[in-house]
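Q: Modelling step: build the complete structure from the supplied sequences, incorporating the hints.
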Amino acid sequence: MATALRSALTDARSSAIPQATVRPSAASIRALGRIEARKMLLHPSFLVGMAFGLFILRGAIGSGGNVGLIENVQWLVLGSLGGLVIATVLAANVATLRSRRSGTQELFGSLPAPPETVTVALLTGVLLGPVLIATVLTAVGWLAFRSDPDLGPYLNLFLAIQLPLTVAVLGAIGIGVGRWIPSLFGGPIVIALHVFTGVIWAVPWILPSSDLGSRAPWHLVYLLAALTTWVALALARDRRTAWRFAVAAGAFTIGVGAALLQVPEGGW
Amino acid sequence: MSDGSISLRRAQGRLLLWPSTRTIRWVAFAVLACVGAIAVWTGDRRGDPSKFALPAATTLICLWLCFLFEDLAAETTDPTATPLAARRAVRTAIALPAAAAAWFALTWIGPLHGPTGAMAGSFAAEALLALAAAAVGSRIEGPTRGGFPAAGALVFVAIVLPVWLGHPPAIEPTHPPFGTPLTYWSAIAAISAITLAWAHLTWDR
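Line order of the protein sequences matches chains A and B. The opening position of the first sequence corresponds to residue 1 in my numbering, with each subsequent residue numbered one higher. The opening position of the second sequence corresponds to residue 1 in my numbering, with each subsequent residue numbered one higher.
Hints are computed from structural coordinates only; laboratory data are not their basis. There's no promise every hint is true.
Stated by the list, open to error - Not close to chain B: a few residues of chain A, all C-beta gaps over 10 Å, as computed:
{"no.": "1", "residue": "R34"}
{"no.": "2", "residue": "I35"}
{"no.": "3", "residue": "F52"}
{"no.": "4", "residue": "G59"}
{"no.": "5", "residue": "A60"}
{"no.": "6", "residue": "E106"}
{"no.": "7", "residue": "E116"}
{"no.": "8", "residue": "L143"}
{"no.": "9", "residue": "S183"}
{"no.": "10", "residue": "R239"}
{"no.": "11", "residue": "P264"}
Stated by the list, open to error - Partial list, derived from the structure: chain B residues whose beta carbon lies under 10 Å from chain A:
{"no.": "12", "residue": "R25"}
{"no.": "13", "residue": "G36"}
{"no.": "14", "residue": "V40"}
{"no.": "15", "residue": "I94"}
Backbone N, C-alpha and C define an ideal beta-carbon position, used for all residues, glycine too.
A: Structure below.
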């Protein structure tokens with residue numbers, strides 16, 4: 001039996017497609033990243049998610065009567081940011097599942113590019129698409145809200161960094177979940193877990209520095225750790241190396257530590 | 001319809017029962033039901049779960065029904081003798097009781113004491129809407145891609161519309177954006193049932 005097992009293993013090894021040893025090239029990632037960004041931004045799930053965010057905010061704030069241009073821009077920016085968060089998770093998840101749903105996932109193994117290329121391109125697509133939009137909306141929101149007596153005092157660089165970083169983290173979650181759970185339910189379940197179960201309030205993604213005080217840097221560490229965890233997990237699906245899981249585990253540990261250090265007594 | 005046709009459909013239904021059960025996405029259903037249960041349970045800790053958490057969980061369970069008519073083997077099964085409506089009826093007959101049972105269980109979590117009329121009406125209407133949207137979605141997007149647009153339609157009607165147009169914005173079944181709960185959910189159910197029938201009656205065969 002041992003001989004049969006040994007020969008079976010030897011056969012499997014000799015007939016296996018050798019893994020690529022090269023790293024993904026920057027040129028191919030740039031090219032694929034642009035395509036992924038365009039596909040994400042034009043996907044109905046992204047457009048519909050953005051529209052739903054605006055509709056929900058419109059309902060939450062009411063018509064508001066005769067409001068000025070600044071007020072309209074303010075609510076438009078807020079609604080767009082809310083919708084962008086939902087839309088990014090859905091669009092990134094659907095983009096990750098596209099090759100599987102089209103039945104072409106297995107064919108990637110026959111390409112000369114290493115298997116990580118598509119995952120890194122998806123992450124680049126999130127940066128070039130939703131994160132870029134979040135950055136633009138943050139800049140517009142800064143201009144629109146700086147004179148607002150209620151929200152103006154809370155605007156600072158700390159808040160401005162968090163918005164695109166949160167979109168990047170949620171995009172990475174959408175990709176990571178899509179890589180490990182090959183189901184279209186992944187994205188909606190991530191959103192449902194966030195919105196409906198109260199998980200979002202354990203450590204909110206976006207917090208003003210006035211709520212954190214001296215603990216503010218830990219919130220940025222938490223966001224970066226969450227981003228690193230999901231990127232490492234997404235890449236670990238392509239090639240299950242020990243160091244990728246180690247990076248994911250290390251980043252997760254740092255994230256948990258940073259979360260515990262920023263939560264005030266009694267929770268948020 | 002003759003007795004022969006009825007017995008033929010029964011035989012086809014019996015033969016389709018196990019393959020249909022096997023190809024339904026039960027893991028997704030279990031996960032969505034668990035997320036719904038967590039939503040209602042945590043909703044209990046934040047207030048009355050019947051106002052937000054249970055309607056959200058209802059939509060989550062109905063979201064699963066949106067993907068019921070996605071068929072990866074559609075190209076193979078389309079030329080078979082069993083009509084599409086009959087194949088889908090078998091899948092619905094298996095999935096709908098499971099969804100209803102899970103939803104019924106959710107209505108007993110925490111301070112909830114079983115379903116009220118408005119809750120049951122909202123679930124029935126949303127389930128019919130999900131099936132109708134799935135049928136229309138698969139006609140527009142193809143038999144393997146109908147679930148996602150159907151989910152969009154369900155979320156729009158069940159969550160976005162009541163928040164957008166409701167006074168006050170709420171997804172509670174007893175506070176629909178238009179009319180009374182009875183007229184609102186009946187109208188949605190009736191329109192969905194007609195759409196569901198139309199989506200199957202106008203097929204070529």
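Q: Against this structure, judge whether each hint is valid.
A: Checked hints:
1. R34: At roughly 24 Å from the nearest Cβ of chain B, R34 (chain A) sits farther out than 10 Å, so the non-interface label holds.
2. I35: 20 Å, holds
3. F52: 5 Å, violated
4. G59: About 4 Å separates G59 (chain A) from the closest Cβ of chain B, which leaves it inside 10 Å; violated.
5. A60: For A60 (chain A), whose nearest Cβ neighbour in chain B is about 6 Å away, the distance does not exceed 10 Å, so it is violated.
6. E106: 15 Å, holds
7. E116: 27 Å, holds
8. L143: The claim stands: L143 (chain A) keeps its Cβ more than 10 Å from every Cβ of chain B (closest is about 27 Å).
9. S183: 6 Å, violated
10. R239: At roughly 26 Å from the nearest Cβ of chain B, R239 (chain A) sits farther out than 10 Å, so the non-interface label holds.
11. P264: 19 Å, holds
12. R25: At 7 Å from the nearest chain A Cβ, R25 (chain B) passes the 10 Å test, so the hint holds.
13. G36: Holds: closest Cβ of chain A sits about 8 Å from G36 (chain B), inside 10 Å.
14. V40: Holds, about 9 Å.
15. I94: 18 Å, violated
Comparing the model with each earlier hint shows violations of hints 3, 4, 5, 9, 15; every other hint is respected.
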